[in-house]
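Visitor: Listed below, chain by chain, are the residues.
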Amino acid sequence: MSTHNVTVVERPRRNLWVQSYLPEVAKGLAITSRQFFKNLLTGSDIQTVQYPEVKRDYPLRYRGLHRLTYRDDGQVRCVACMCCSTICPANCIHITAAEHEDTSIEKYPAEFVIDELRCIVCGLCVEACPCDAIRMDSGIHAHPFYERDKAFLNKDYLLDLGGPSTAVQGGVLGSRSAR
Amino acid sequence: MPTLTINGKEITVDPGTTVLRAAAMLGIDIPHFCYHPALSVPANCRMCLVEIEKARKLEPSCYAKVGEGMVVHTESPKVIAARRAVLEFILVNHPVDCPICDQAGECKLQDYYVAYDSQPSRVAVPKVGKAKAYPIGPRVVFDGERCILCTRCVRFCDEITGTSELTVAERGDHSEIRTFPGKELDNPYSMNVTDICPVGALTTRDFRFKCRVWLMSSTDSICTGCAKGCNVHLEHFQGEAQRYRPRFNPEVNEYWMCDAGRMSYLELHADRLPSLRVLEDSELSWPRAARKVAALLGEKATGEGVAFVASAQSSCEGLMAGREFVRTMLDDAPVFWTGRPDGDGDAFLIRADKNPNRAGLAGIFGVEVLAQDAHRLLQELERGAIRVLYMMDSTLPFTSDEMKRFRAAVEKLELFVLQAPRRGGLDDLADVLLPSTTHAEQDGSFVNEDGLLQSFWAAYRPRTQALADWEVFVRLARGADRELSFSDFESLHGALHAEQGAAQDAGE
Ligand code: SF4
Ligand code: SF4
Ligand code: SF4
Ligand code: SF4
Ligand code: FES
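Line by line, the protein sequences give chains Z and U. The opening position of the first sequence corresponds to residue 1 in our numbering, with each subsequent residue numbered one higher. The opening position of the second sequence corresponds to residue 1 in our numbering, with each subsequent residue numbered one higher.
Next comes chain U alone, as it looks inside the complex (with noise of 0.2 Å):
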């Protein structure tokens, strides 16, 4: 195991580890831009050069291998005066146009500019103009002028996705990222180009103008595309969600996400449910309308004819409050579950189960759950075997025809109780409406398809009455005089992880 010495301190990594990730292990930063984790090294952007002991010049970090008794520096005036020639190299063409770009603020090419060049250009000739604002796929927007050719975009496309329909076209001066002949960038995965890509050359035609990135804030999130459960970045202003970007989770999704999955983001503001609603009256706080519906619950939910509608689009929390809110006010009243319907998957990692905690939903509801989904209770409606039926989210993996014949089902039920974040198109025909929250709204927790227990945080407040499911089920409780077993998030997150880590380890 090679020990070196880099800007005097001592660090001691694997053979074969390069320079730049050692001195990322100590917490120095090298300013880069070709180098990415995840793809392989070209280093040709000369950005992260650093000065060697004994090396007759300069050499790239992100390439050059450690070896016993290396003397690293990295911030030597040798090295900040390469990294100033190489800006201003980068530089001689930019546009210098961040007023107008969407990168601005989460730039390399900026802060690097800012941290180490910070000279007046000293260029007298005209600058090589290429394409502009050019739609190089249908979701990604092209600037070939802000482009500093590290093919990053080239590579991902290459070794990541293999669809390989980027390549440098030209030389010199006037190389340009380019599609191959009648292909465009269009993959499943094309955004992620525009995260990896260091400046705005490469930005999504979706957050396109939408907002600066310097006035959102940042909630860890998970994505509700599917059952993988991607690791995101909810990216949030006033209020309103405003993009996800991949968050690094190596046991998940690493740096990547779907585009798919990319935009579930305008879902959360979508069809919302606007107010509580319990028969015909919808001016009603939620104390008042919890005591009106647990008195109608009371009154009609018992016996037989009753049934609950659980959903794998509902976090872990809201589905265990779920399960103890059927024993104490349903009696006990048989389960069904819901969700979207499946789709296509894909080997790298879209799944084919497009809802975000199915697995959780068996997990908690027991896997026979499974079998009672929403085209059994379609049948059960029917037959007219059910009178009561109370629904935690409003998402059917029915087809229109299905839907219409749910529709007419429903509208003979004695009592209809939807507690939902959306209309769904069942509003209108339920006796009782309860808006409860996103998951951009509630802290609380999915199990993904390999059966990882993953959690999200409330970005920000709902704008309409909606609680979060939990809190609902405890508020209806009250409202018949009744406890639940926990009455605030902690406790009940604390149950659920208690029978999630007895539940692995009885499987083990």
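Pulled out of the complex, with its shape left as it was, chain Z reads as follows (with noise of 0.2 Å):
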């Protein structure tokens, strides 16, 4: 035979007074009504923001959306080396490569397209990325499309968000020391 723990707990016993509600409501609305008159007057308990009028600063490592750098003379920065597109894991990097006139330049993408429905933004795209090209620092969340094509980024709306890389082209000379 095995023994029960068991504790009897109580009924509480509700009188008219509680039964009512009413003195509970009044002391709830009491409440709603202090903080919204606190909240109008001063606006010093504000938890939220006016979304999309106001925004908070994202932290600087947030990743957003895809931007492509461009050189110091305006040009992609990107040279087509397929790295990004080869270690997305999500597959939607597209990039068709093209032969560029300058001989110093040699290849560079003549298509670049994300599509950002697909990316999982895990930024291996950045990581991978060996001319500091693609970055994802622009600040800005994907935000929502009404139209599936209009979540492929191509080239040219990449360059918009994009600007000046901060690596030297070639990288700079002496800046090691010899070891």
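Hints listed in this document are in silico derivations from the structure and should not be mistaken for laboratory results. Note that the Cβ used here is the ideal one computed from N, Cα and C, for glycine as well.
Chain U regions said to be covered by chain Z (calculated; three or more residues, Cβ under 8 Å):
{"id": "1", "region": "98-109"}
{"id": "2", "region": "211-217"}
Short, incomplete list of chain Z residues facing chain U, as computed with Cβ under 8 Å:
{"id": "3", "residue": "V79"}
{"id": "4", "residue": "M82"}
{"id": "5", "residue": "A97"}
Put the complex together from the two separate chains, hints included.
Guide: Encoded structure:
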């Protein structure tokens, strides 16, 4: 035979005062109105922002929409090496390489499309790029699209979001101390 | 026979063997750039230095011959330090433009850098600039900055083709590969230099920026450019052939292939038959089409006036199945053959016969069939002796004039069945279109001019409704409720081998 450890809780006894709920409703209304007027008049306690008029600053390493950086002369920095499209686990970067007439550039992307709907925002493309050509620090988070093909961000769009790269083409001569 | 010890392992080799080859026999890979098994040994890159006990200094293993009792170390600290130094020296003026280099991913310099060097550059002076993206020949692009001056390309043109277009010009760090004045790198085998160049200094114009090498899959295949049947790697990405590369076979092509053959991969996707069609009906599945075609053949392909055209472009398996198809479904109709017309040949690889399987065709249908070529067929057609024509390929050896005559004759036929991978300018005339696969989309084999039976394997699936030739025949027979003596590739391939073996035994 086993013993059962049972605690018997007595039901609270509710009188008419409690049963009518009215005092509690009044109490709740009082708190809400107090907060309402406090926010309306002083605004000191508001936790939310008026998005999209007001936006929060994202941290520096926040991964937002991709951008393509450009060279000093404004041309796309990307050389269509396909490192980003190779590493991309979502397989959402599509690049067509072409020959550049300037032999010191040689190769550039004639097309560069990112399907932002498939992108899982992992940032591996940025890690993989040997040329600092693709970044996700635009600070713009992926927004909703009404049509699927609007989510295919092309080279022009990505370049518009871009800026010059901070890296120096070909590295800085003598920047590494001899060891 | 000298016995030596390499990295603690003993091996006995023929006298005169180099240390590098002896190590390779033991499965020890010694890094090297300038050494190539088919070329002379200049020992100029110094990448293959190894430590030989009792020798005063490190020796180039590609050149040093084995000796009795030699003790060799290929991975000792001294050797590793030497490799690192050689790599650093090579990289002094190297542009490190791997991101735009087509060789990236299959580059020896990249591999060895990662394996042995992996240090940042210590050079603080500007690099020496050289030719970039220079068209050194019509099919080859040269980049002087990436060149490590191993001279493999120079030796190839001197020793293999004997055309001697290339040389090393200038001195010191200005040394550069150039063509002799007034010459360009233009010989029928010029693209082989892009395979032997260990870096991305020589790349093909065709493959330029087309696909990254690490994305491609590779399937062992056979070049269909001529009767030599050079062994190739067929490299493809997302169901599309990207290039051919020669595959080593000492009995056929060694390390090489010709430029025309290399470019013949382009035909794999060109001019393909899109879908099945039987008379007006083009929305068909294979089983329905097979029943309809079988009915048509049963009605028309009996008695006199039926002809079958076998192709020297088709696989042996397809031809074997075709032979049985003629017996069971076409009332033993007379067989003609077609293929590409003969062209120029040379004493090295290129054969005048531009068909990969003429020998296989002759073996399967009997040599007599070779007398019945497409020109005979044209005569018979124009004589009105043929009512029903079944062709298992659309390749024809005709001039444009003959083609006009052929088209005119074919138009009068009662029934024209075309089973082919390509339109070949005949699809509009055919009553029945049966798309078949190229050799890249099926397993099979060819017999080359020297009688060697060589297999190839399916690299990717066809994008159309195409089926392998043998499968088309099996399906058509089933459509008429008949069975051929085989129903899968294995039994067919086995039968082919048995037949070939018997033929060879009889020949010996
Ligand atoms: S963030 Fe990740 S998923 Fe998105 S494009 Fe880059 S690699 Fe692909
Ligand atoms: S990794 Fe960088 S340089 Fe390479 S293709 Fe992507 S964005 Fe362009
Ligand atoms: S071009 Fe290539 S094969 Fe020729 S010397 Fe330079 S590295 Fe060697
Ligand atoms: S020699 Fe003939 S088989 Fe060899 S690569 Fe050239 S065309 Fe192809
Ligand atoms: S491979 Fe031996 S010196 Fe180049």
